[in-house]
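Could you put the whole structure together from the sequences, leaning on the hints where they help?
Letter by letter, the chains look like this.
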Amino acid sequence: MKPAPFEYYRAYAPAEVVELLTGLGDEAKVLAGGQSLVPMMNFRLAHPAALVDINAIAELDYVRREGDSLRIGALTRHRTLELSRAPEVQDGFSLLPRAARWIGHYPIRSRGTVGGSIAHADPAAEWCLLARLYDADVVVLGGQGTRVVPSADWFTGFLSTVAATNDVVTEVRFNRPRAFGALTEYARRRGDFAIAAAAVAFDVVDGRCRDVSIVLGAVAGEPLRVTEAEALVEGAEPAAPTWAAAARIAAAAIRPNADTYGGERYRRHLVDTLIQRAFAEAFASDASVSAASGIR
Amino acid sequence: MIEQVGQSIPRKEDHRLLTGQGTFGADAQFPRMLRARVVRSPVAHGRIAGIDTTAARALPGVVDVVTAADLPSDLRIPVRIKVQDIDLDDHLQPVLARTDVRYVGEPVAVVVAEDAYVAEDAAQLVVVDIDEENIIIDMDDALDQHTIADFHLGFGDVESAFTAAKHVVALDFSVGRHSAIPMETRALTVDYAAGTDSMEVYGATKVPVFNRRVLAGMLQMDESAIRMRAVDTGGAFGVRGEFYPEDFLVPWLARRLRRAVAWVEDRAEHFVAINHSREQRHHLEVAFDDEGIILGLRADVRHDNGAYVRTHGIIVPELTLAMLPGPYRVPAYDGRVRVVLTNKTPCGTYRAPGRFEGTAAREQLLDLAAATLGIGRVEIRRKNLLTSAELPHARAMSTLGTDIVLDSGDYVGLFDRALARVDELGWNDLRERGRAEGRRLGLGVCAFLEKSGLGPHETADVQITNTGRIRVHSGGTSLGQGIETVLAQIAADQFGVSADLVDVVNGDTLLQPYGAGSWASRSTVLSGNAVRGAGREVADRLRDLGSQMLESAPEDLEVADGVVRVRGTTTNAVSLAQVWQAAQPGSRWLRPDEPAGLAARHRFSVDHMTYPYGVHVGLVEVDPGTGGVTVLRYLIAYEVGRAVNPALVEGQLRGGMSQGLGGALLEQFRYDQSGQPQTTTFIDYLMPTASEVPVVEVVLREDAPATTNPIGARGAGEGGLTGTGAALASAVSDALGLTSMDALPMDPAFLVQALATAANGVERLASQVNHYEVVCE
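Taken in order, these protein sequences are the chains called A and B. Residue numbers for the first sequence follow this note's numbering, beginning at 1 and rising by one. Residue numbers for the second sequence follow this note's numbering, beginning at 297 and rising by one.
In case anyone wonders, no lab produced these hints; they're calculated from the structure. Because the structure is a prediction, the values reported are computed rather than measured. Among the clues, some could well be false.
Restricting the straight-line Cα-Cα distance to at most 20 Å, the calculated cross-link-like pairs of lysine to aspartate or glutamate (EDC-like) are [what the hints assert, rightly or not]: (1) K2/A x E480/B; (2) K679/B x D804/B; (3) K2/A x E410/B.
Given below as structure tokens:
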């Protein structure tokens, strides 16, 4: 569990990252928090010839609000969002700090970055789900300058995105703030990769659900928007029967692969459970209420 | 000074461990030290067509690359504990595969380089050409061709018992493959002295004297030229410290290259290299009379031992059979076990070997019997537990070479005490309340028998030092269990001093060449009584010399508070340091022919093991939405005979419980159909963390001191684990409204399915075992 030899470069500005990546070719990798890349290198599952360390680029570490858009610098640590009580986050994006608590363990949250997670594109990753949930845009700097990629176009399959080898993610813009949101997961131990995850966001206008998003994690190669279920909840009463109906549709819509953690039937069952719980948690006046309570 | 035995004094080893001053296997560093890296088989079974080391040798920094062709001869690692007179020689593991590989991870070559990074780079360049052969993964596929041992243990007339039975209840139960995963992986550092052709070996902490004997034999060296240093270790639990291929390879390479060589197993290797354990399938049948009293028990056990037989031989399957009747009155018993080989990592013992498996199966059988006979789960156990009047109770069979004689105790008393405590804690009410809220809560109980204090002997030296301190050279090893503290407490009481005045050195073969090591919950019983014996002999010697110095008869003297004094006086005394001085060569108190010094070596021998016993109770909640199990409450009641350090006993029980929880709910080594391990990181192999383990309530009793050793201790290393699978399975089946469970670990996908089954009014699961086809489709 010692990595294969690699070259190491440190960049001090986003443009320098692109310059280095362009020069190094497609065997180079960006090192942000390193919480996925470094273990993969130690297991020799990844053999990058070079690393470009972006941790010294302080200008990529920020959280700011511009209108309906919450802009998060790529180098912002999970822990920063987890601890954030700032009004620009809480207003319409209060789910982000709550959802960040699901990410791994404390040391991972302290070191891992939002941009790194989006670039790594693990279908179980909380930021990837949230990006789809809030119709985020991914801001990328590449050889041709800056471009903005809608998250709907960003993910192209398991651990893969539309990014070119000399692209670096500089910012993630969360859009469409909503009053209600929740993300819930099931893993066999606290802090593990989710076996399945569900996130929901919606508003309630005149006693009806509006602007509904439902995203599932870890059930496909990339985070999965369940539009059929969204359509069912849109305009419906915010109540348990609605959640149950949406959950049923979502559970039927997925095509999960079987793995060590259970077959297709089990994953559907989990999705059914998690969507109902996510909606219930989102709509509970106290967002910290979870499905299980009482005896502990 | 207050008697030290019985006090929960802080651990002596903690200061060095908590301040970062511990010395672990990888901490030994020597000039010009080389690093070894093992090249392992990537396939589960095949013939080695060739190994090309050219590219690896060419890498700068590489010093040597060896394969089986470089070894002195066809070396195989012998069995440490032989039982049942079954010849296993054909199945022993070679130190490097010569013609065939039989599991993924089997060592085929070793690279030695100037640093660990280069060694790993070079290891990737070794090209191993293997012609793959037929692979057997499921133990039942191995029964016909690869059964290497098939034997029975038992007593009484089982045929008649079943003929006379009013009820016969049968259960199939399987336990998944898992093992101990010590925090510290294996690590060996060998410092070789070319000038004297001798070596010091650091890091094999468990049975150093045995390992030295094996190593000396394989290297054809005199044992005295090898010094084993059992240093601190981050846990052992049965697996760490046994003699593995690397335990030969690293010293052999150091001698071959005439330089120090270090090897540190990485975690990915550890998962495929360390002894696996537990994988068994049980078919049990029990016969009852019309009152629900057990008349007879039958067991048919299949045991998957992986690709080879390692140092533990076949003691795990033997212990499974021997301990299966447990604390119950079983008039007739026939247990059969078939040990098979498959293309998976070889197996050995893991804390509570055979008992975790057998207890889980037997207790589920009793739960099923309770439902079948229409009597309560508590009642069926109470009816059948041996009473104190029935002890000692001899079972006409033997295990580990000793006859089974359950010495003394009150099994029913402890059972009732545990349940009374559960009631007092309000757990029955909790269960009812949760159920009234529509939640799936379940309470499970099990009773079990443990074994401890396996002899036949252990040796300890006790000596007085020049400053009047007491020094112990024990044959036990310090695995993190606190044996240094326990032995210090026992030694201190022989001199009436604080344990602070005692220094304990464990597992150094130069200082203690007769030690049998620490395993099988034996150290407090065996090493403890050896230390006690040596301490008493030194105290006698102190009185002898003291009687001359104080001009009093030895019988009028006492050794207390660090002095030898005339009984009843305080001033008429000499200190231990003064007596030490008096015992030096040339002292006027020493006769010319009398050996100098204040030291004694004592060997404690014992014919029979001692049998602790206990009760586990668990309260769990099953989440029907996810199949997840939360252990809400847990209680362990345990009879330890004599608790030398109650806090350490409780720590042993609690630590054991968390490992048992892992085996019951989380941990399993999985393989795909081609024999590729699927669990080679902590992402896939699920050790319980602090979030999954509840606070454990302990009811520690000293009501029945062991009659087989002077201290009365029963051993405490394993009882925290033994009943965990049983109690949690019982609790889960109670939560689901089923009669019993039939497999461990109880994974969520299966429980969701079981809930659906239970909802259809079916109380008994169709028998399912941990088949491998569920993995990776």
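Cross-check of the supplied hints:
no. : hint            : in the structure
1   : K2/A x E480/B   : 17 Å, holds
2   : K679/B x D804/B : 49 Å, violated
3   : K2/A x E410/B   : 14 Å, holds
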